[in-house]
Every structure is written in C-alpha cells, then in structure tokens.
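Undergrad: One letter stands for each residue in the lines below.
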Amino acid sequence: MTELERWLTGSTDTAGPAMERLRARLTTEAQERNLLDVAYRTVDTPVGSLLLAATPAGLVRVAYTREDHDAVLDTLARRISPRVLRAPARLDDVARQLDDYFAHRRHGFDLQVDLRLASGFRRTVLEHLSDVDYGRTVSYAELAAEVGNPRAVRAVGTACATNPVPVVIPCHRVVRSDGTPGEYVGGAEIKRTLLNFEHTG
Amino acid sequence: MSLPPFDYVVTEYGPVVLRVCRALLPLHDAEDAAGDAFLAALEAYPRLRVDSDIKAWLVTIAHRKALDVLRRRARHATPVSDVPELPHGGEPVVADERLWQTLRGLPEKQRQAVAYHYIADLAYAEVGTIMGTTEAAARRNAADGIKALRRDYPFTTAKQEVTP
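From first to last, the protein sequence lines stand for chains A and B. If you read the first sequence in my numbering, its first letter stands for residue 1, the second for the next number, and so on. If you read the second sequence in my numbering, its first letter stands for residue 1, the second for the next number, and so on.
Be aware that one or more of the hints could be misleading.
Said to hold, decoys possible - Output of the computed footprint for chain A on chain B, the stretches with three or more beta carbons under 8 Å from beta carbons of chain A: (1) 13 to 22; (2) 52 to 65; (3) 124 to 137; (4) 140 to 150.
As the list claims (entries may be wrong) - Across the chosen pairs, the derived CB separations fall in these ranges: (5) A/R105 <-> B/A74: 54 to 62 Å; (6) B/D152 <-> A/G58: 51 to 59 Å; (7) B/P46 <-> A/F121: 24 to 32 Å; (8) B/G105 <-> A/L111: 52 to 60 Å; (9) B/S52 <-> A/G187: 48 to 56 Å; (10) B/D152 <-> A/R78: 41 to 49 Å; (11) B/P46 <-> A/D100: 51 to 59 Å.
Please keep in mind that the hints were generated in silico from the structure rather than gathered at the bench. Quick caveat: nothing in here was measured; it's all calculated off a predicted structure. No residue lacks a Cβ here, since even glycine has one placed at the ideal position from N, Cα and C.
If we strip away everything but chain A, and leave its shape as in the complex, we get:
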C-alpha cells in the first residue's frame, strides 16, 4: 500500500472531534424523531460500573459488569429494537438517583420503570418487590406467600435472578429463610455489600 493509499484509508487520522459532533447530532435528532428506542449509559458506583438502559416507557435494564455489558446490549437490540444508542443525557435522572442512593441520601427510587423484559409470574414478583422497604429483608418463601403462591419458592428465586432492573427493584432484599443472603444477579458478594450498606444507612 502506498503512502497516499494509507492516507486515504485514514489509518493515520483520528476523527475524534468530528465523531463527537456526529454522535451529538445523531442522539438529539434521533430523540426528536422518536427513533431512540433504547438509550443507554454507564455509571460508576460502589458496586462497580452499572449499565443503564431506557426505552421511551422508562428504565428497562440495569446490568452489573459480571453480566457483560456488550452482551446485555446485544440482547436489548434483539429483544426490544436494534436502534440502541449511547445517550447519557436521557439517563441523567436515573444516574442522579443512583448517586443519591449510594450516598445514603435516598432510600427509594422515583422512576418510570419499563418491565417489558419480565413477564407473567416473574413480573408479578418484581412488582411486589417494590414494597420491600429500604433496610428490610424478606425471605423467598415469604415473598412466594405474598404473591399468593406459597409453593413457588423456586420460581420466586428465578424471578429475582432474572430481575432486569436490580438495585432499583430491590431483589437484593430477598434472602434465604435462615437469614443468609443467598444468590444474586450481581454476585453474592455484592448482595452482602448492599444489605450491609442499607443496614448502616
């Protein structure tokens, strides 16, 4: 390849500022034209980087790094829409409320949540979970009884394990009947961290 050809392919060029302008314009106009089906950003928290994703209906996904953010975005593209764009401003409010939560300034979230990724019984369980207050815990068995299906303890566990919006819908407050934390979508260690954190706050 000649030097001229290398110049043409741009291998010596960085389009940084032009790319930023392109992205800024694209996100603004996509939003104006209702083409921003899934907006996302990441936030740094004491439990690692969290991926936040929203549809026009509300917050649709919160993901821990162990879930692999790229894999989560691929899934959102497949299950909701491939029109997925990084658009931090759209998630400013969510990011701010999470900041407040991790700074002990807030005990609950005031957000529109889009639960389209959970259906049927799992969704019912998640809807009940919003009633478990900050600093409190409930056992899988108690939660099963509360949703009117006391034998569905295992299904309650699955609902928690597949919670698309952890932290915001507090599945970390659901523990084993013997009081030990049990499994968590973000990992058992993070569950313990969150429970201790809420206990001291």
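With chain A fixed as given, assemble chain B onto it according to the hints.
TA: Okay, now just chain B, sitting in the frame of chain A:
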C-alpha cells in the same frame, strides 16, 4: 444471528463515512451529509437484512445524502468556497487539507470512485452499483483519480514543517 446495537455501527463506521463525505464535500457540508446519512440509516436499520454488508449500505446512503447536499447548494447558488474551512472548537490546521481540496477538485465520477474504493475500501463491483455504472468504469475512474492525486500528494509532506 441478529443486528448489532446501532451504537456499534456508529463507532465502527462513523470515521469512514465521515471521510467519504469529506472527499465529496467541503468540511462543513461533509459533516452535515454524514449526519443526515446516519439519521436515515438509524431510521431504516431495523429493516436491514442481518447478512447485509453494513459498510456498503452506509456508503450508499452517504452517497445519496452527499448528492442531496450538492443539489441543495446548486439550487441556492451559494458560492462554494474551497478555502480550508475549519470547524469551531479549534481542530489543528492540517496540511492534509490541501489533499482534500485536490480530491474535491476531481471530476465527480473520479472523486466518487476514489472515495468508495480507496477510502471506504469497497470492491469495484460495489462501487459501480453505488455510482450506477459498471465495474470497469468504476475501476477506470478510480485509476484516473488516483493518478491526479498522486501528482499533488507531495504537498502533504508539508505537514512535517507546520507540525512542531
């Protein structure tokens, strides 16, 4: 298999679409055309076949958007200045601008063929399809264009003198 998130498409192909548009239009118009192209692509994206060549698809859209911008320009008869245009925000002045100008000064077909084959790295058959011409004509146009550019290329070595 499914379509990747559109954000990946922007990251992966944004730079090449910007460069293609820059070969076709003055800097400010080039960014407009690239922006128009990505917005149109986002709109149509869910209907794109999963096995499509995403880069060729984007370059085809950029080609049409660049023609739209040129047509708009012609209608409003605004004189197109080819003085190095620099965006606000202070990108460093690069001597490369001289080469971009030479590229934009080429006859339209040569300019397009060089942009799609050498900048976007598309096969001549694809370049021909985008330009609405044959593979052979695309190849000829690219060869003529590259020859003209080569005559002017030494100018970019001036970069060494202006860059501290």
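Undergrad: Does each hint fit the structure? Answer for all of them.
TA: The hints, checked one at a time:
1. 13 to 22: Held - the segment 13 to 22 of chain B has 5 residues with a Cβ nearer than 8 Å to chain A, which meets the minimum of three.
2. 52 to 65: This one is violated; 0 residues, fewer than the three required, reach chain A with a Cβ under 8 Å.
3. 124 to 137: violated (count 0)
4. 140 to 150: holds (count 3)
5. A/R105 <-> B/A74: 54 to 62 Å: holds (58 Å)
6. B/D152 <-> A/G58: 51 to 59 Å: Since the Cβ atoms of B/D152 and A/G58 sit about 55 Å apart, the hinted range of 51 to 59 Å holds.
7. B/P46 <-> A/F121: 24 to 32 Å: holds (30 Å)
8. B/G105 <-> A/L111: 52 to 60 Å: holds (55 Å)
9. B/S52 <-> A/G187: 48 to 56 Å: For A/G187 against B/S52, whose Cβ atoms are near 38 Å apart, the range 48 to 56 Å is violated.
10. B/D152 <-> A/R78: 41 to 49 Å: Because 48 Å falls inside the window, the suggested range holds.
11. B/P46 <-> A/D100: 51 to 59 Å: violated (36 Å)
Of the hints listed earlier, those the structure fails to meet are numbers 2, 3, 9, 11, in rising order.
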